[in-house]
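These protein sequences, in sequence, are chains A and B.
Take any residue in the first sequence, note its place counting from 1, add 226, and you have its number in my numbering.
Take any residue in the second sequence, note its place counting from 1, add 4, and you have its number in my numbering.
Calculated from the structure, these hints are not laboratory results.
All of these numbers come straight from a predicted model, not from anything done at the bench.
Residues of chain A clear of chain B, computed beta-carbon distances all greater than 10 Å:
(1) N233
(2) L268
(3) E583
(4) R584
(5) S597
In silico DSSO-like cross-links for lysine-lysine, where the CA-CA straight-line distance does not exceed 30 Å:
(6) A:K397 to A:K343
(7) A:K397 to B:K365
(8) B:K365 to A:K341
(9) A:K343 to B:K365
(10) A:K397 to A:K341
(11) B:K357 to B:K167
(12) A:K598 to A:K528
(13) A:K397 to A:K528
(14) B:K167 to B:K105
(15) B:K106 to B:K357
(16) A:K341 to B:K357
(17) A:K291 to A:K635
C-beta: ideal position from N, C-alpha, C; glycine also.
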Amino acid sequence: MEGIILNNLDYPILTVTTFLPLVGALIILLLRREELIKWFALATTITTFFILLPIYTHFDKTTFKMQFVEIYPWIPAWNINYKVGVDGISVLFILLVAILSILCVTASWKAIQTKTKGFFISLLIMESAMIGIFVSLNVFLFYLFWELTLIPMFLLIGVWGGSNRVYAAVKFVLFMLAGSVFMLVGIIVLYYTGGKTFDMLELSKVNYPIELQLWLFLAFFAAFAVKMPMFPIHTWLPDAHTEAPTAGSVILAGILLKMGAYGFLRFSFPMFPHAVKVLFIPLLILSVTAIIYGAYVTLMQKDIKRLIAYSSVSHMGFVTLGLFTLNQTGIEGGLLQMINHGIITGALFLCIGMIYERTHTRMIEDYGGLSKTIPVYVVFFTIFSLAAIGLPGMNAFVGEFLIISGAFKANMVIAAFSIIGIVLGVTYMVWLYYRVVLNEMNPNSKYNLYDLDWREIATLVPLVVLVFLIGVKPGFLLSYMHISVEHLLEQVHTNVPLETFNIHDSMNVIIEHVKELLWRV
Amino acid sequence: MDLSQYFTSADFTGIAPEIVLTITALSVLTLEMMRISQQGINLLSATIGLLIAGVFVGQGSVEGILFGGMLRLNNFSMFFDYLYLGIGIATLIFSQGYLEKKGIESRGEYPALILFCVIGMMLMTQANDLVIVFLGLELLSLSLYILVGFLRNDLLSNESGIKYLLLGAFATGFFLFGAAMIYGATGTTNYNEIASSVASGSVLSNVYLSLGIGLLLTGFAFKVALVPFHMWSPDVYEGAPTTVTAFLCTAPKAAGFGALLILFNNAFIEIHHQWRDIFWILSALTMTVGNVSALVQSNVKRMLAFSSISHAGFLVMGILVLNESSISALLFYLVTYSVINLGAFAIVSGAEKEESGLEFKDYRGLAAQRPWLSAAMTVFMISLAGFPPTAGFVAKYGLFSAAIEQGYIWLVVIGVLNTLISIYYYLRLVINMYMQEEERALLPSFNIFAIGLIGLMAIMMIILGIIPGYLLDITTEAVNITS
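Bound conformation, chain A alone (with noise of 0.2 Å):
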């Protein structure tokens, strides 16, 4: 029980928010009325998070340790525990995991006309894998979750997307499994390799030979990098996120991107800190060529929804520039760069949700002058626009910030040319607000436009309050994260100083690899 706190809660937290919204899913099978559905699906996603509020009063942020921690044998066949727990890495993605599904079942309330009862169902499903995500400590449970995420995401997007539903639906589930599949062939490597064993804190403790750490990295690289989605596999990206309903758009931007962070911080780094070191220089390339890369593409885009599924691609470039600094500003930046990204990313297709419910178009031609028509959902526009550019006072001011000084320490060269990236956030959102709020009154988009009922203000405020909540008090999340960042950046310098590696020689050592197993072959 090293490394463990279990669970000194009367009844086991982790265990009962994983599986509510579940439940509660299997409750809505046997439902009817679709009001009744509404209403239910609200009221589940609600008592999941209030349920998990006291992960966060009883949380014990000075220790590294996993908290909250559950084991039961699941399969003892195959030597499998059913075991789950948070650290300051993981514990605050519950909770925005929480927060988004209560604000996908509100704003899914009146924009879901068709087969109600199986949207909110596979909405619930997702919770429940979703969060099951981030508490697992089981890397067989893990790959369980992981997986779970893809058929509900399937349905909801190509159930109820857009026009080219079928298409992105399915380059989704086949990019995610193309990455997935390798790394459950990872898995089981590592599960024979580490001492039969699928326990991620007894897996982190073994020490892989070299060679090893970099095929598994790579393995489960293919699995997150997907996900993340880093630069030459993002593809899937945009139609996913274009064509999936509002509520499927903000899962996906808010969470689903987040769960290759997370499995990089949770697997990579502590499992093949080598293979790290070794790579983070390609890595930091790659997460620039995002940035810009993704940032230049955002700037073309004249559909607004895939604007902003592009411009996601430049922010978790950011947030992977950030993880891979290996140090702990950069990693704390990148962490809280996540959460930000889920708050305004997720509130920007909330709002795009909002006006394509009233004039079912998403080009950013047809609109124009909304600040005359619409003003009080111009100010939840503006707020989050602002947010997404960094403006200080706001969340994700913070996070870029922690990054690119993060980045300075780690490479100037490579941090230098993430700045272009900030440039260009700022030129894509103003220019899409010039043309969307400012601008001419557009004679098509008004009619139909009527401003923001309470059901939607009601569904935005909360994410504007932790806008600015974390923009000016950003401590109080980071004093979460501060001790399991620390712990996990030892696990990963304790054997190579990180000095050793520069692009040159991280080069040599992959060639070297490559020879070898050209030679084998």
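Using the hints provided, position chain B relative to the given structure of chain A.
Below, chain B alone, put in the same frame as chain A:
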């Protein structure tokens, strides 16, 4: 004449299930002949026969070698007996409505032939002698030839019957020739004696032995449709009555793999390592060809046929590795694979109408009309694809894990890539059901038992995916083939 010097009573209690099934089959035929049978009575009495046989299988006190080394009863053979009986019962339940729809009034031959198939398969996995395997295989095959061509007025069905007969005869020839070679090399057809002969090096000719094994393998590869001996199966699966297809792609495949497993584990274990490359290639080829072919199908039955070919490729992995964990995984895989395919084919058979119901596009909009049925089909499809949390994932995981333990990483990589390909065509059905709108959707018709069974199977797949422990315990117990 005193028979007791040849047979003991233990021999007869050992084959009690087969005896019960034979009596049932004959009495069903008699009832039919006397024209006193009613619609469904035949199927019902056959089902009762299968259940009674199940009770006799359960009398586990008869473990051991019977009939002077001809049969070997143990947990392994019992596991297969139950599997066949289960598949038989499910097939009969699903057949009821289908046969009515196809206008075949209560023909007693149908259930009787299914029972004969079950007897043949039981013999195959109880066999401890090549002759018995051959007998079982022939009993099975001959019954299947008739069943495949059972729709007398349907050209497609007739064609598949003939095709199956001709190609099946070839396979039988290979098998018989192989058995003869083995006999020539070792002087016996008994597994244990073959094994000891091989182990002690007293084999007459290694060439004959290798040739014999190769030919036997070819025969089996035909029967379980491994690439490149798979050409018959899509046509036969497509043409056969759908319920027969369901039976054909589950039980005989299980029997084939079971018998192959016993053959290599009991007779050729000493030289198994020499055959590993062959199994490796067979496995990789079968998965890949099956999957890639399934991608381009527009007919659901054909898609499922090719998918079952690719699954056979995964199953070969279990024989390639051939240790306790792989055999246990293979057994688990066989059970889940059988349940899924039975369920999927059952839904296809219910959806089938004259001239329609067989193409992907016929399933458009089914989800709106029949949400529960579509949900069950979705469970079957994602389970075939190997998505967690369904039993299909656990089954695949077991085989992959066993293969990686022995270092077959590249084969597993090929396997997972195939899984990736397969997702596309499995989800295609889901897409058609959920994401395409159609005014005139199919209205599948089922009787109450079939509906219940389909539901049960879908739930079972999910429960086994979440808590596979129950079945895993059973398969681990059944692993011991040699006892």
